[in-house]
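Peer 1: Sequence order for the protein chains is A and B. At position 181 of the first sequence (counting the first as 1) the number is 610 in the numbering used here, and the numbers step up by one without a gap. At position 37 of the second sequence (counting the first as 1) the number is 466 in the numbering used here, and the numbers step up by one without a gap.
If you are wondering where the hints come from, they were derived from the structure by calculation, not from laboratory data. Take these hints with a grain of salt, some might be off.
Since the list can't tell identical chains apart, any single copy or any two copies may satisfy a pair.
Pairs of lysine-lysine, DSSO-like flavour, derived with a Cα cap of 30 Å [stated by the list, open to error]: (1) Lys559 to Lys606; (2) Lys528 to Lys510; (3) Lys549 to Lys475; (4) Lys510 to Lys477; (5) Lys524 to Lys510; (6) Lys549 to Lys572; (7) Lys528 to Lys449; (8) Lys559 to Lys528.
Protein chains: 2
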Amino acid sequence: MTTDTKQRILKAGAKIVLQKGFYDTGLAEVLQAAKVPKGSFYFYFKNKEDFGLQLVDYFAGQLQERAQEFYNDAELTFPEKIRHLFAWQAEAFNKNDFKGGCPIGNLALEMGDRNPLFRKKLDQVFTAMKKGLTGLLEQAAQKGEISRTLDIEETAEFILNSWEGALLQMKVSKSTKPHEVFDRMIFERFLCRSNSD
Amino acid sequence: MTTDTKQRILKAGAKIVLQKGFYDTGLAEVLQAAKVPKGSFYFYFKNKEDFGLQLVDYFAGQLQERAQEFYNDAELTFPEKIRHLFAWQAEAFNKNDFKGGCPIGNLALEMGDRNPLFRKKLDQVFTAMKKGLTGLLEQAAQKGEISRTLDIEETAEFILNSWEGALLQMKVSKSTKPHEVFDRMIFERFLCRSNSD
């Protein structure tokens, strides 16, 4: 058994959980999709809960990888790096007919009340995402690419929270309009420098 | 049987669905909580789905009632009426230890992928809420209480979407901070008049 097996279980599980939610996902179907015997599962995960918690890290890692790609693109200003990441997520959601969405946001509403370990884990992941975004916005402010009168940390929190809401609305309306409105409001208005900068 | 019975079923159902989600709520427990026999239920609702759809209207009606109270308060400016409504919701959420939250947002993530009738119903309710907020913001703009350079309709959509995200984050973080950040960002920055107004 290699860590490759573990990755295969997480990858298969991620796909199913994103479609059906965690609660309704059976381990049997995950193992079948991953083509892995039950014994291997318990080599890597204590139980379904442990699997779910590691899945949160897996989702966060995937997002982080994509964020890094935009971050490394020297052609983009800092606000553009951020803007492209949201646009990529909206486009992926659209391609999936607005099924699924943000796995971390979905799990937050699904599991937040049910399981305190999940709630804490998701809170940690959101906090880490906010830290990452704060770092990008700080660099943008230093370069004068966004308003200097913003409280950067609160701005990062506001943007991420608003984005989770936009994703929820994309699911309900089956349209990219919530992303478009978010995009214009945040990047063409909210972050922009004004006369008082 | 009176419409009072129907209201009692909806009221009891609302409480349980907000705590457990719609999918996991059994009709038996709703009827037991409402102290209503099974026959009465089928007098008012075709099935569980029909009950759920009418529950969405019930939730929306409750929110609308409270919104009307703030609307009628002649002491408040238009932005204050809106601001008080969000603060009231955040306070209620806090009192409930951040369990439950916005029933309409929760149902959107829970049922959006599962049931197209729910998705459409929730979309209609969100659209109606956006219209209501657009009306308030238009009056605020006319009175010069907010920036005149905003696209009012998109602003209403942005605010409501962002608020759903803030509620999700309040659940995950078990803190009112997401409301506080939302409140400051929207009412002390985003809507404010600038030099270019």
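Peer 1: Each hint: holds or not?
Peer 2: Each hint tested on the structure:
{"no.": "1", "hint": "Lys559 to Lys606", "verdict": "both (24 Å within a copy, 13 Å between copies)"}
{"no.": "2", "hint": "Lys528 to Lys510", "verdict": "within (25 Å within a copy, 35 Å between copies)"}
{"no.": "3", "hint": "Lys549 to Lys475", "verdict": "within (18 Å within a copy, 40 Å between copies)"}
{"no.": "4", "hint": "Lys510 to Lys477", "verdict": "neither (36 Å within a copy, 46 Å between copies)"}
{"no.": "5", "hint": "Lys524 to Lys510", "verdict": "within (21 Å within a copy, 39 Å between copies)"}
{"no.": "6", "hint": "Lys549 to Lys572", "verdict": "neither (35 Å within a copy, 44 Å between copies)"}
{"no.": "7", "hint": "Lys528 to Lys449", "verdict": "both (10 Å within a copy, 22 Å between copies)"}
{"no.": "8", "hint": "Lys559 to Lys528", "verdict": "both (25 Å within a copy, 23 Å between copies)"}
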